[in-house]
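Chains as they are written, first to last, in this note's numbering: chain V, 1 to 453; chain D, 1001 to 1441.
The reader is advised that the hints may include incorrect statements.
[What the hints assert, rightly or not] Between beta-carbon pairs, the in silico distance windows are:
| # | chain 1 | residue 1 | chain 2 | residue 2 | range |
| --- | --- | --- | --- | --- | --- |
| 1 | D | E1325 | V | R131 | 54 to 64 Å |
| 2 | V | E431 | D | E1403 | 31 to 41 Å |
| 3 | V | E431 | D | R1386 | 52 to 62 Å |
| 4 | V | A28 | D | D1311 | 26 to 36 Å |
| 5 | D | D1289 | V | V171 | 20 to 30 Å |
[To be verified] Partial list, derived from the structure: chain V residues whose beta carbon lies under 8 Å from chain D:
| # | residue |
| --- | --- |
| 6 | P64 |
| 7 | R321 |
| 8 | L322 |
Hints listed in this document are in silico derivations from the structure and should not be mistaken for laboratory results. Every residue gets a Cβ at the ideal spot worked out from N, C-alpha and C, and that includes glycine.
These are the residues of each chain, in order.
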Amino acid sequence: MSEAILALNLRLAGFHRASWRRSSRAPAEFLTLDHALDVVGRAAGYGFDSLFLADTPVLRDDDPWGALTTALEPLSLLASVATRVPEIGLIGTVSSTYDDPYTIARRLATLDHLSGGRAGLNVVVSAPDPRTAANFGRVPLEPRQRRYERADEFLDVVARLWRSWEDDAIVDDRDGGVLVDPARIHPIRFQGAHFRVEGPLNVPRPPQPAPVFVQAGASANGIGHAARWADLVYSAKQPGIDASGFREAIRTAAAAAGRTDGGPAVLSGLLVHLGRDDAEAAERRRALDAANNAGDVGLDRLSQILGTSLDGYDPGDLVARLRLQPPEQGGDTASYAAHLLAEAERDGLTVAELAARAYDGLSAGQWRLQGGPDAVAQALEARLLADEADGFSVLLPDYDETLDLFGTEVLPRLRDRGIHSEAPAGLTLRERLALRRSARGDRSRSSGLLADE
Amino acid sequence: MNERSGTLRLNLFLRAQGLHHASWRRDAAPPARAVLGIDHYLEQVQLAEAAFFDSAFIADSPALNPNPWDRLSYPLEPTVLLAALAARTRTIGLIVTASTSYWEPFVLARVFSTIDHLSAGRIGWNIVTTAGDAAARNHGSAAVAPPAERYARAEEFVRAAIALWESWDDNALVGDRESGVLVEPEAIRPVRVRGEHLQVEGRFTAPRSPQSRPLLVQAGLSEEGIALAGRFADAVFSVIEHGRQGREYYDAVKQAALRAGRDPESVLVLPGIAPIIGATEAEALRIRDGLDERTGPEQRLDQLSGFLGVDVRGADIDAGVPVDELAGALNGGTTSRGRQLLETARRDGLSYRELSAWFQTGRGHIAPVGTPEQIADVIEHAWRERHADGFNLMPPSLPDQLELFVREVLPILRRRGLARTEPGVGTLRERYTPRPQAVSA
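This is chain D alone, in the form it adopts within the complex:
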């Protein structure tokens, strides 16, 4: 094993319902309407904060999920939820997804600057370009732009946002009550971004916030996504399986940072992990099977259709997945997640039922099932083998699997010197990137 020192970064993937599609059907699951109130989220975030997680993260898409069982997955707008959670927590970082395709850079920059001020520097932005026509149709377009175009806009968008956030010099807010000088106008520099996809020219509305710019996160598996991460991201939340693929992705991100002229250590890789934890391995397997059994064949095929991007709802659940046929039907129009599903089906020769079982628990993320020791082993291995600088914990069901992770797995990681034994200090950015970095915007 490679020598590594330091501790893992830990992020809680803050989902309204557990990651497993059937988690809401358990008797112990909270009432579905609970996802519309602050307490449901606060309970999870405060648990994570007390366990010294570095951050919690809310994913998002600006359209209703077409799958009926998924329509409460992101039932609240995340920047508003984030601002409310920031006011109810003290140390934990809070990260949300916002789309470069459907926000205006000037508005997004103001929103994040405001919450960074109000949270004393604890927020992060997961930069996404948003696939799918449904979101496009909510924002004036008939169909989503092709990925290359979306990423080209994203690049201009991020440059504009950074330029706005950093346009007030540190000394611009003078605030001298004696002399009556509030701001130094010369220290508020005009921003001028003239891209192919967007233009921003003007002066920003707010003094530099505690982090200057929020922690920047990227989550794409595609080449464009990795390149964007290399240029701008402080962390990536990746969807990788364990093993060779994990190391390849890790290296690809670090290489992308190097190509962009950055220190590879300044981009942290946090794969998603969706562990099912039991007192014994047999109990963990029973928990998983209990969740799986609650999902009927129709729902499984519905789910796969959604993530593959091709309609397989008429298929026989026990038939083998016709990978080539589906890839042909997709005609390159799929997401990186769809490709990952097809590759897994091909590699392991899976039926629809098997592919669905594999996918349900972790949705393609690392999804170990076992005892706390076994889960800790998986984490330590991925860390030592440099597949991961930390983890994005995605509990398959809530709140039980989060509680188990905190109560049973974290103490083991602490004993092994891998997890924090006290809260991180400073802004979210300082926790993720303890050393200063030079990045050109």
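Isolated chain V, as found in the complex:
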């Protein structure tokens, strides 16, 4: 078994919709360098392999609580922490629908140089949302297939531009007056259906041969795209047959695409409500949920998930007494409904409390854990053993306390189990990911080390 790749998702005060209300920082501070350095610095210190910044170029004002989630443009934020925080990977999101590949190739190459090879790129095929399109003076008319073709070309252009300078193109021969050798810098002359890019890049070859490419999206288009391009794939599958099936589908598609590197690593989303023990985890979550003014929107959301109207119930009723059933149709929503009902029973939640939980800003389909560090470490190991994932894309409800708990309680337990050792300093992100995938989890050796201490 290889070691778990751990990526930390970064978003303001955390992923819980009420995290900002319980944060020690005022909301305006989330937009400051101090805040970014604080969270990223701690994540790097604890040994997270990478940061991950999601993005979409539109104001998320369908929910006023979401209005700051796209305030900071990811590559600028990553650049600002790149030379202040060592070691950790820096993965940002761009849109193949709205961004320009030459500009993105340059910006990423620059980030890679400044960070010593830690740049990663999540290229998103933007959904056909009229509001996003209007920000760019467009209407979203392209069919899905065309949007994926465009993404394919986008990645091709970025990858070719990164290779347009040979390693030894910088000569620096002062006596001979030769600064660079033009014969070792090549135009790419890309002529696609969506992009025409002459090149070469005006940035010399970066430390990594290509940015670490990330892809999310479990559709057939998404899997094919990931198989061709991705180094990391995000999966929102719950544990079980779906997850191992997805893992296998990625592996098969990558092999079919001619890849010999084992294909992309699959990172499962992980939403973790953590405490020093199970009781504290439940209490911390209850406190966050209590700060969440979900109100009627939460009730509507819960009704949708359960597939039945909750209008007739008293918000103070205990859910467990109502004998609600999850919808009979399968799929991610139904399994999420079953998950919520089980939680309501376990934690003794009222209708209002469950509504707040159903609308806590944490994406509905993600795999969730709630508990103390032993339970969490064990659950992570089980998913690796079941070959459902090669690592985790970690979404924390808040950074004030949960990040430190994860770093000081969960990560040492992962080390004890031989699934996340301390990485050597000075690796590129690509090297670091390869090391995780090739590392042998040797329990006897790590136990031996413990015994020596």
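With the hints as your guide, set chain D onto chain V.
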């Protein structure tokens, strides 16, 4: 001399290598690969910050320079470099070039807003339209759009960016942890810019940044460039020679501001200056000659071809520049910089070699060669004669000529009351434009 009070604005032109084309060939020059790391830039910026410069500026073009000796002039993308430098500095302003032809306004507005937030209000945008086919071919076009069209798009672009930056009212971010109100949706005003060249309709993603809008800079010498500066710019980085031309340009910018209904004092003119400083005049001349000698005839003709926009590589280096013939070959398709070169050759009756020698040191900017006192005199004169509100310092070689300027010239300027004796305070915009201004977007 005219009476003027106050101090000069000082900007450091932050170039990977020194301005002189041969500066990288000196034994003392840093290894060429150093231009790919943060330390090389940080060293210069921190020196400038400690000397109370108002800002540092990174120029850019989104295409590889065709001249082999110039291919490391802008080896990193400037917004990313700027964000990294902002995180490593405390007070100095940081300005970068970004092209209105090859960015999307919504993306550019987000990038600059983000860095303005993260730098606590220390960034500026040098607005360019980008000449040349090479950049066009990296962005889907076969050839660059004509200047009039580029500037028409630039105007719409800047209006859109300003509208986005100013669309969140100051009170839009409520952030009341007690009541649970994060934003006031009514205070986020929709933006609607419908131009001929671009459309932006929607709501912006970020609260108003510390400067609301970054310091806006323009650097064009053309009529279109000056008009754009008059409407929007807080400062212009100009390429002017000393003397009559300098005053003409200065007045043209101030007139353009007046025509746009603005206070002329709200647009500051900062000509480029590329001084070669020596302990004695003779030493300064030796330094210049040492740099010039490192440039062979072929390279000189290559350089001139690039800046003129016409191929003169087959010419005899010692022949007189055939100005009319070249102007004909250009057929009006040249840049303002190319025209400046031809005008200089005509005025002074220069050979290719002489034109190249004049151009190499300062690339057409004010390029005095002399002692610290002599350099300070040139600066003071340009300031008192209102050719300049400040200077864009472009050291011909690095880091030595920057160090000399800071160590030898600045103390003289301070004694004369022309340079800051303590760091500027507040945002970059507050330093450049101490008074509030009314500008319609």
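Hints and how they fare:
At about 56 Å, the CB distance of D/E1325 to V/R131 agrees with the hint of 54 to 64 Å. Between V/E431 and D/E1403 the CB atoms are about 38 Å apart, so this pair conforms to the stated range of 31 to 41 Å. V/E431 and D/R1386 have their C-beta atoms about 58 Å apart, which keeps the hinted 52 to 62 Å range intact. Hint check: V/A28 to D/D1311, Cβ distance near 55 Å, so the stated range 26 to 36 Å is violated.
Evaluation of the 20 to 30 Å hint for D/D1289 and V/V171 yields a pass: the beta carbon distance comes to about 25 Å. Given the 8 Å rule on beta carbons, the hint for V/P64 holds: about 5 Å separates it from the nearest Cβ of chain D. For V/R321, the shortest C-beta to C-beta distance to chain D is roughly 29 Å, which exceeds 8 Å, and the interface hint is violated. The criterion of a C-beta within 8 Å of any C-beta in chain D is not met by V/L322, whose closest approach is roughly 27 Å, and the hint is violated.
Violated hints, listed in ascending order, are 4, 7, 8; each of the other numbered hints is respected by the structure.
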